[in-house]
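Here is how the chains run, residue by residue.
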Amino acid sequence: MARLAAALIAVVGVLLVVAGGLQATVFASSAVTRAELIAPRQSVITTAVGLLGLEGPRVQVDVTDGGRRQVFIGIGRAGDVDAYLAQVSRLEVTGQDGDGGLLTKQIGSQPSLPDPAGVDIWVTSVRGTGTANLAWPDAPGQWRLVVATDGAAKAPDDLRLTWSGREVHSVAPTLIAIGLVLVVVGLITVIMLGSRARLAGDS
Amino acid sequence: MIRATRMTRATRMTRATRGARLTRLSTLALVFAVPVLGLAACGSDATEVTDPPAEQTAHPVVALGQARSVLDAVESALQRGVDPKAASSSVDPRLTGPYRELAVADARIAAERKTKVAEPAPVQQVRLIVPTTKSWPRFFVAVGTTSKTATPVIRVLISPTPRSPYGLWAEALMLPGATLPETAPAGTGSALVAADADGLVATPKEALSAFAGYLNAGTKSTASKQFQRSAFSDQLLQRLAGDQKALKAVATVSSKHTVGSSEPLALRTADGGALVFGELKQDYVITIKKGKGAVDVTDSDLAALAGGQKKIKKSLTRTAVEIVVLNVPPSGKGLITVIGAQKGDVKAVIK
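As they're listed, the protein sequences go chains S and E. Position 176, counted from 1, in the first sequence is what the working numbering calls 176; the numbers after and before it change by one each time, with no gaps. Position 249, counted from 1, in the second sequence is what the working numbering calls 249; the numbers after and before it change by one each time, with no gaps.
Keep in mind that the hints were calculated from the coordinates and are not lab data. Don't take each hint at face value.
Stated by the list, open to error - Ranges between beta-carbon positions, derived for each pair:
| hint | chain 1 | residue 1 | chain 2 | residue 2 | range |
| --- | --- | --- | --- | --- | --- |
| 1 | E | S76 | S | T64 | 27 to 33 Å |
| 2 | S | G98 | E | A54 | 25 to 31 Å |
| 3 | E | S89 | S | T64 | 35 to 41 Å |
| 4 | S | E167 | E | S89 | 36 to 42 Å |
| 5 | E | R80 | S | G100 | 16 to 22 Å |
Ideal Cβ placement from N, Cα and C applies to all residues, glycine included.
This is chain E alone, in the form it adopts within the complex (with noise of 0.2 Å):
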């Protein structure tokens, strides 16, 4: 009887424990189930970004497919032609520099001569070299093949500002013979070396400098001991000498070479040496000698260049825009190699 009584008031203990737990659990289960019933309920949340540090890495200045879409501009361009009235100023912005005063002065040519500018003939793109850089004035270079030519030619494109597309500066052909120095793949890009920066032969500045004084001093001079020989240069020097020659007893001829108005350009090859493209102005002077009489001009384009003037009296300046590409190997590894070249005559004046 008295182990019944207390086993009853155990169970009774057991069942009212049993009671608070569940009721404890229950109000458990109702406080997590609320919040997150709610959570259910709910829609996306708000998102918003905020503009991380700048970028420090500087990146090639195009990508490949940007590369393809300027390239394309430019070949556009170029099959549109240059009207041979319009101001130098009013040229197709996809044409610029050195190449511009060349387009319109043949432009000027053709109409002069009541005939067509040569089209074109497109270019097959084989190799991009793309620096890199944060910074304006950019470049790149394409080298392609065409039709027309026996060498590749090598394409200089040139963004001045942010806000300016880019356009053809310069187009020089591959010299017999000459090969492209290693640069690093297009998707990586090639960092730019300044015009006067160390560590090379000659700087950008002084090398072209140095070409300048080579073509004004013949093959003799200091100045030629830092090249190689090249045809461009051999050609010009020989073109002088033979114009000298020929005209001894009538005139004097004169020529000089002088740096353009831009800076060289110029990135880094894979051997530490430069890649340097530049401009050079020549001015070719004939002065008839007093009582000598005159001289016929033979080249049709630069009568027409003239204006149609086919009779040195007294004297011919021409002026030619020359673009060189330059081959600098890194201090005491060699000498500059000419590896591409343009010439063109912008302006004549015959009196």
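Chain S on its own, in the form it takes in the complex (with noise of 0.2 Å):
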């Protein structure tokens, strides 16, 4: 019984430590966290504040449009942004789901706004045909990230945010320390049992 009970904890031993090699390897937390939202329909996506700094220090704002069209991407002071958009129907998002897509709730009931580019509220902007990115370290103070086309129409198609710097902390190291303890001990006392019974057995 004995030996059975330390051959069982060599095994939970083994089990430990290709547990904490799979956390290392295949199910490693990444540093670079990744969301999209796909064919939003409201004419504008903004971000709650905090989301840009959600996953990390810095933040990659790619977005895309299948038919070519003007995008734009801006961040301002929340303050201002929320002066600028006043009840214009909006979607926020809130966060990221965990599984590659973005959180989000509908806001406001405006139907459209005035072009964001023709706006000077935004301490970055970028404006490009069809796709359009930028990059943003996350600053002291509250801010908003702003998408869409012109604010009229339907805003772009695509909208990945790619969250990068964030400091990983593994429990893999831990799991293979125990796990390793835990064979050796295992293997160690069902060996010794063996060598006692024999020698019981010799007697």
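Using the supplied hints, reconstruct the complex from the two chains, each of which is provided in its own coordinate frame.
Take a look at the structure:
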């Protein structure tokens, strides 16, 4: 019975070592998180305060439009963006679902707003035909991202946010260490019990 | 024999205890391992944010990069110029307020005279003065040098609403010998000063009104006592006196300065005073005395602005826009100084 229990400990140790190995490789937490919003129906997409730093201190914003329309990306102080957007109907990105998608909620009711490229509230902005990209290092203060075409037509087809620069804390080293200890303890115990059993049999 | 029997019992008990311990340990290891293995196989979690309370701090209305973009857009609008036939409301939104009025007038004069409006020289920015506020209208100031002016130009840019871009509202030339007061760095921002703020020699509104009074009543008026003499006020007063003297025999000449329709803009200076930007209007009227003939208009631009009329038979009414930049010190700390000014005719009617 005791040898079986010792063997079981060793097996658990092996399982933990394997689990640690998987954590360190296949299931390793990534320092990069990507999430996407496809085919939004509103004319404006914006982000909740804090979303730009949600999964890391740097975020890359990539916007594409299959119809090759003019697309706009802008980041401004949250208060300024709120004053500009007022009650316009928009989709606010509030998080990421852990499965590659962006979480959103619907706000506002007004149908459209003046072309975002024609106002000066943006600390940084970019405009492109069919595609636009912008990198944002998270800065102190409250910020909002706005993605649109001209403020009246439907927003671009695809918005992808890629956060990076996050510190990753893995449990893999702990699992492997505990696993190895259990394997060693289990095996030594099995061997010792086997030796004693043989000695007892001899006497 | 008895001893040997005891030892065998003890050994059996030790083995039984060790076996039980190992069983408990293995059970514990399994209990620990199962959730750990489960966790190890899990992917990343969903994360979400909720909006925190809005910031209470007022920030500079533009960051340095924003200001550069605005000034570049204004420079492009200036290079494109103004269509003389366009209605004032259809002019590029990067030109606004008094500056737009002056630009439209210049374009009409050029069209009437079949010439071109002189291309503005690019301004090399040397200083930004940026107020802090959370509300609109907003403004900021850019001071720079050009190859065409002897003194720096002061540009005032205004955004009336969050949905309107900044437009060039006024451009004044710094007066010879004038210096801009110290203000907070653009990255920090200067506090706004309300049009009726006290603690100053005069509120911004009173200072502007007093300056109009000074220009109306001259250097011996009560209003003039609040101001240091300036080249701008001296020139205007001398010009009026000169015209009155020259036309004394055939016409009467009068001038009236009034505060413009927009409230003065003001921000705090480092010494606790205020830097004030305001608009005045001047109505300058020449009325020919009965039976005294007519007066020729020697100023070609004025004649063009009046639609090509070159002879005043009854009267001339010219309306000019004046931009003034005043340094208003704290109460009891001296006189108001005119730092910069600009004046241009926007309308002329000759009968």
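Status of the hints after comparison with the structure:
no. : hint                        : verdict
1   : E/S76 to S/T64: 27 to 33 Å  : holds (29 Å)
2   : S/G98 to E/A54: 25 to 31 Å  : holds (29 Å)
3   : E/S89 to S/T64: 35 to 41 Å  : holds (38 Å)
4   : S/E167 to E/S89: 36 to 42 Å : violated (55 Å)
5   : E/R80 to S/G100: 16 to 22 Å : violated (46 Å)
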